[in-house]
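Chain B: place on chain D using the hints.
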Amino acid sequence: MAPERHGIRRAVLGAFTALAALSAGAAVLLGAHPERREDPAGLVQEAALALRAARGRNAAARAPMTLATAQDLYAEGLLERRRQELRFFLLRDFRRAHDVFQASVERAGAATTLAERSARRDRTRASRALAAADAAVLTLTGTEDRIWMAQPVRQRLLRARSLLKEARAFLDHDAFDDAVARARTAQAEADEVGASLHAATSRFADDARLLTWRAWVAETVAWSRSTGRVAVVVDKDAHRLTVYQAGRVVREYDAELGWNNVGDKLHQGDGATPEGRYKITDKKSGGRSRYYKALLLDYPDRDDLRDLEALKASGEIPRDTRIGGLIEIHGEGGRGKDWTDGCVALTNEHIDWLFTSVAVGTPVTIVGSEHGEGHFSELARRLER
Amino acid sequence: MIVTNRRALVALVATLALSGCAKPPAEAISDAEATLGAAVAAEAEQYAPEAMNAVSEAKAALDAEMAAQGEKMSLTRSYKRAEELVVAYKTAAEQATTAAAAGKEQAKNDATALITEGRTALDEATQLLARAPRGKGSAADLAALKADLEAAGASLTEAEAGLAAGTFLDAKSKATSAKETIQRVVEDLTQARTGR
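Line by line, the protein sequences are chains D and B. Numbers 1 to 385, taken from this note's numbering, label the letters of the first sequence in order. Numbers 1 to 196, taken from this note's numbering, label the letters of the second sequence in order.
Calculated directly from the structure, the hints in this document are not laboratory data. Since the model is a prediction, treat every value here as computed from it, not as a measurement. Mixed in with the good hints there might be a few duds.
Computed from the model, here is a short list of chain B residues facing chain D with C-beta under 10 Å [said to hold, decoys possible]:
#, residue
1, Ser56
2, Ala61
3, Asp63
4, Lys72
5, Ala140
6, Ala143
7, Ser155
8, Ser173
9, Thr176
We treat Cβ as the ideally placed atom computed from N, Cα and C, and that holds for glycine.
Chain D on its own, in the form it takes in the complex (with noise of 0.2 Å):
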């Protein structure tokens, strides 16, 4: 009996001594070790709300990869301090979770900062968009008050102005698809304008166009030279009527054009200035002109009824299409724009005096451009851009 209790004795000492050893291991473990027992509740938190800033920041769809590893850290992260946990309490060593969920917030806060920087190109993305819209509407900016616009060209303009007003506000309201899309629609749209415009003017500043309406210019000018006489010249480009006497300019005068101002005029009713050499035919005044006084031109002359014939034949006009007439120098302008069926208009102040300076067969020569200095020309040069 006394040898069984003997052992019983030794076996509870030995016990007892292999519990405060193994006590002072973890009291040593502990000691040198504080933040093994820390439980990482704070960051649990942390790393759920730098998550839910993440998706916040729409970082699912703007950086996938980034707010995944984020939320597989975050998992990780659970799963290590559950672990734990579950140990002995002696034995727990947080110290691996701590680090796993200080990772998915890292992680969490990259995926918002690339979500932002994605939504940042995307609005520099709408903004260029919007600004290349801008820039093409731009460039047609005053145009529609200076050149004449079929209907369907005018409304093209005016509904690429309102889809990039539209556009802006689905910028202001960070909608960045909607905005790119409605600016592109207005640069095209704009584009469009500017195609059909450049088409109407570029014939202003083709050199070889400007050669012949030199030589017309300098044929008339030689002729007033040679004679000592008086003649007309009207650059429509410029919308100047210059009166040559003795081959010199003795008077500049503003002129208004036929709405059509680009165009050249081709038949009845197409609101062109025609382009030609004319003679003066007829001199109006005291009630028999229907604007002040006016000088009858000799419009048409045989190339605009060749012209004519020539459009007929290639089935661009129909073949019962008239040439119209009356074309005249008249008064009643000073109106600020192009607005006669075709004629040029001075301010009656100016018709007065030219009325006077000219006679029957003056020659009228007008061209579309003489220097390829004027609305015209410089809206194609542009457009050429």
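Frame of chain D; chain B shown alone:
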């Protein structure tokens, strides 16, 4: 003495055996996942993002618990906490489904109201434009305002299409933009009337 020890041993084995019978709450989990499916189908990510965050967090906690228990010896596993977590997960998913339905309904109502208001405003603005004073130089301004109204009308049509297709947030965005454009036109027209 030997009999007592044997009884204790049997009791211990029975306890361990019973513990070993602890099963994961598979049915409850599958039930909760079906609820999550319903939340996703209800477009909770779009219409109730905050509620979906809570679902994600509840699911992550449950996944961690299940994995932690899975790593333990089968006889020592306990799914008591997992059962609590799965209830929380399902509740969060149900709340997300409810919030999504409410959010979607709200967005639909908002879009419908905005479109209705936009259409009314467009009609009024069109009438105002028709009655606008026409004087020298006003034709171009009026044509520009008319084009603005046409563009706003096109946006409203797109918003209506979005409403019909169930893309309510997009419909809201387009209707809002259209309404702003119309308001601007009305302001311009009103200013022109009072200014003259």
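Here is how each hint holds up against the structure:
At about 7 Å, the closest approach between the beta carbon of serine 56 of chain B and any beta carbon in chain D falls short of 10 Å, and the interface hint on this residue holds. For alanine 61 of chain B, the suggested interface contact is upheld, since its CB lies about 6 Å from the closest CB of chain D, less than 10 Å. With a least beta-carbon distance of about 6 Å to chain D, the hint placing aspartate 63 of chain B at the interface is held under the 10 Å criterion. Because the smallest distance between the Cβ of lysine 72 of chain B and any Cβ of chain D comes to about 7 Å, under 10 Å, the interface hint for this residue holds.
For alanine 140 of chain B, the interface hint holds, since its Cβ comes within 10 Å of a Cβ in chain D; the closest pair sits about 7 Å apart. Given hint, alanine 143 of chain B at the interface with chain D, holds; its Cβ is 6 Å from that chain's nearest Cβ, closer than 10 Å. Satisfaction of the interface hint for serine 155 of chain B is found here, the shortest Cβ-Cβ separation to chain D being roughly 6 Å, below the 10 Å cut-off. Satisfaction of the interface hint for serine 173 of chain B is found here, the shortest Cβ-Cβ separation to chain D being roughly 5 Å, below the 10 Å cut-off.
Nearest Cβ of chain D to the Cβ of threonine 176 of chain B: about 7 Å, under the 10 Å cut. The hint holds.
In the structure shown, no violation is registered for any of the earlier numbered hints.
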